[in-house]
Amino acid sequence: MTKDIYGHFHQDEHHFVDKAWDWVERAALQHAVKLTDFLDPRQAFILNSLVNRHPDVHCRLDGGYEAAERKRAIIAPDYRSLDSEDMAMAVLAVSSGDGKFLTLEHGDYMGAILGLGMKRDKVGDIHVIEGGCHCLVTQDAADYLHLNLSQVHRVHVQTELLSLDKLEVAQVQLDELQLSVASMRMDGIVSDVFRLSRAKVLIPIQAGRCRVNWKLEEDPSKPLKEGDMISLQGFGRFKVLEVEGVSKKGRIRVKIGKFA
Numbered sequence: 129m130t131k132d133i134y135g136h137f138h139q140d141e142h143h144f145v146d147k148a149w150d151w152v153e154r155a156a157l158q159h160a161v162k163l164t165d166f167l168d169p170r171q172a173f174i175l176n177s178l179v180n181r182h183p184d185v186h187c188r189l190d191g192g193y194e195a196a197e198r199k200r201a202i203i204a205p206d207y208r209s210l211d212s213e214d215m216a217m218a219v220l221a222v223s224s225g226d227g228k229f230l231t232l233e234h235g236d237y238m239g240a241i242l243g244l245g246m247k248r249d250k251v252g253d254i255h256v257i258e259g260g261c262h263c264l265v266t267q268d269a270a271d272y273l274h275l276n277l278s279q280v281h282r283v284h285v286q287t288e289l290l291s292l293d294k295l296e297v298a299q300v301q302l303d304e305l306q307l308s309v310a311s312m313r314m315d316g317i318v319s320d321v322f323r324l325s326r327a328k329v330l331i332p333i334q335a336g337r338c339r340v341n342w343k344l345e346e347d348p349s350k351p352l353k354e355g356d357m358i359s360l361q362g363f364g365r366f367k368v369l370e371v372e373g374v375s376k377k378g379r380i381r382v383k384i385g386k387f388a
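Under the working numbering, the residue at position 70 of the sequence shown is numbered 198, and the numbers go up by one with no gaps.
What the hints contain is simulated information worked out from the structure, not anything from laboratory work.
The beta carbon of each residue, even a glycine, is placed where N, CA and C say it ideally should be.
Mixed in with the good hints there might be a few duds.
Unchecked claim - Cβ pair distances, simulated, as ranges: (1) Ser209 x Phe363: 20 to 30 Å; (2) Gly378 x Val297: 50 to 60 Å; (3) Asp146 x Ala216: 21 to 31 Å; (4) Asp271 x Ser177: 30 to 40 Å; (5) Glu296 x Asp184: 32 to 42 Å; (6) Ser291 x Glu372: 39 to 49 Å; (7) Lys328 x His281: 49 to 59 Å.
Unchecked claim - Result set (SDA-like, lysine to any residue): computed pairs, CA atoms no more than 25 Å apart in a straight line: (8) Lys250 x Ser278; (9) Lys328 x Lys250; (10) Lys147 x Ala216; (11) Lys343 x Gly364; (12) Lys377 x Leu360; (13) Lys343 x Arg248; (14) Lys367 x Pro351; (15) Lys350 x Val145; (16) Lys350 x Phe387; (17) Lys250 x Asp190; (18) Lys383 x Ala327; (19) Lys367 x Arg323; (20) Lys343 x Glu354; (21) Lys247 x Lys350; (22) Lys247 x Pro351; (23) Lys294 x Glu197.
Given these sequences and hints, build the entire structure.
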């Protein structure tokens, strides 16, 4: 692979670029078929970009349901049909009779799964639903999690493995905020959303803990736009829903959707 490809991606992404290009080359030169673990949207974008550079390779992305955020990819020579390929996923259903269960959140389930030594890549989208949680997992991790996940944040739980057609998808909960900002600079908007001072926001941004559309972003002055998804590790994430216009005083009115 020519090194000029690196110029399109952040330095921290080069390791994944190398890995993804190896999958593409193996499909083209060795007629190999590769089923990946779950990729985040940024990784899926990188993979698609590399696949599109090679005329003899194609891929399919699937996260278990139409609107999935995290997806598995299958990469293969272009003569091979991928529509009927098994993406090897299962639904891990988690439930409990404990009243405390109602207070459990996405991060609690994720923490419990990772606490068992499971890699993040083995886990797709997690849906917190009434009476429990439905989590997409790779087939090779499903049995281990089914046998070993017995507690989530000090709440005793039971698990069951379900087929994909039994998946219950949670409705996305967004707390809407109306902001009036001097500019669309990332640090200013992140500061307002999470109610932190501009100085305190700079520390995690410059430490590489902020992502815009799942891409690492270390430039505090980066302008945000409508549709952008921003996450700040340790604080949460939000979406720029709408840029509503400019006030008479020259300030920009922005509608934000903060994930609950």
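Against the structure, the hints come out as follows:
| no. | hint | result |
| --- | --- | --- |
| 1 | Ser209 x Phe363: 20 to 30 Å | violated, 44 Å |
| 2 | Gly378 x Val297: 50 to 60 Å | violated, 42 Å |
| 3 | Asp146 x Ala216: 21 to 31 Å | holds, 24 Å |
| 4 | Asp271 x Ser177: 30 to 40 Å | holds, 34 Å |
| 5 | Glu296 x Asp184: 32 to 42 Å | holds, 40 Å |
| 6 | Ser291 x Glu372: 39 to 49 Å | holds, 44 Å |
| 7 | Lys328 x His281: 49 to 59 Å | violated, 27 Å |
| 8 | Lys250 x Ser278 | holds, 18 Å |
| 9 | Lys328 x Lys250 | violated, 33 Å |
| 10 | Lys147 x Ala216 | holds, 21 Å |
| 11 | Lys343 x Gly364 | holds, 15 Å |
| 12 | Lys377 x Leu360 | violated, 30 Å |
| 13 | Lys343 x Arg248 | holds, 17 Å |
| 14 | Lys367 x Pro351 | holds, 14 Å |
| 15 | Lys350 x Val145 | holds, 24 Å |
| 16 | Lys350 x Phe387 | holds, 21 Å |
| 17 | Lys250 x Asp190 | holds, 14 Å |
| 18 | Lys383 x Ala327 | holds, 23 Å |
| 19 | Lys367 x Arg323 | holds, 16 Å |
| 20 | Lys343 x Glu354 | holds, 16 Å |
| 21 | Lys247 x Lys350 | violated, 31 Å |
| 22 | Lys247 x Pro351 | violated, 33 Å |
| 23 | Lys294 x Glu197 | holds, 18 Å |
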